[in-house]
Amino acid sequence: ILNVEQSPQSLHVQEGDSTNFTCSFPSSNFYALHWYRWETAKSPEALFVMTLNGDEKKKGRISATLNTKEGYSYLYIKGSQPEDSATYLCATHSGAGSYQLTFGKGTKLSVIP
Amino acid sequence: DAGITQSPRHKVTETGTPVTLRCHQTENHRYMYWYRQDPGHGLRLIHYSYGVKDTDKGEVSDGYSVSRSKTEDFLLTLESATSSQTSVYFCAISEGGAGELFFGEGSRLTVL
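Residue numbers (my numbering), protein chains in the order written: chain L, 1 to 113; chain R, 1001 to 1112.
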């Protein structure tokens, strides 16, 4: 079973602030890294799937980077808005070609208007 | 939105009874997954399928079985439900084995 760690567990930011969270994962046998956004009372929705070391992806005000050699990914939110309030999950596969995706416990973001 | 339907959405049952949760997709995706979500644990994989009649165990498969007799349906069965199986169950699908997951709306199961 992989150990996927996310930090912080939760944070509160003011509207307009930029913020970032971390996902740490084993660097050996890396296959892909996923980020999901999970709003309360809804289902998780994919933000990014990243596979290459140095990958950077962006969707609107949200971006992510990937370092497979050291085993971490950062998720950045620029100019946080109340609608960004959600739990952000990262997940990685248990090995090259594995279908098993192991999730971290998430970072719960609350954006205060 | 991906066409994924879970049923039932809510169920209360008693210890020792069998329970089957159904996941139905209209996307014709090859891969299907069952996860459970519990406080303090996040999402944990129970079983997954990589094709019709092709299934494998995940991280927390004890006490669960699955079947996939056709592409669109993936059934999760608790042969004899226990209180530790009280959870929210999510079905997910993906087009490729490393592709993004699309989740169903979840099924809340309470075992008394």
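The hints are simulated quantities; they were obtained by calculation from the structure and are not laboratory data. Glycine included, each C-beta is placed from N, C-alpha and C at the ideal position. Accuracy of the hints is not assured; some may be wrong.
Residues from chain L that face chain R, not an exhaustive set, calculated with beta carbons under 7 Å [said to hold, decoys possible]: (1) F30; (2) A41; (3) P44; (4) F103; (5) G106.
Going through the hints against the structure:
| no. | hint | in the structure |
| --- | --- | --- |
| 1 | F30 | 11 Å, violated |
| 2 | A41 | 9 Å, violated |
| 3 | P44 | 5 Å, holds |
| 4 | F103 | 4 Å, holds |
| 5 | G106 | 6 Å, holds |
Comparing the model with each earlier hint shows violations of hints 1 and 2; every other hint is respected.
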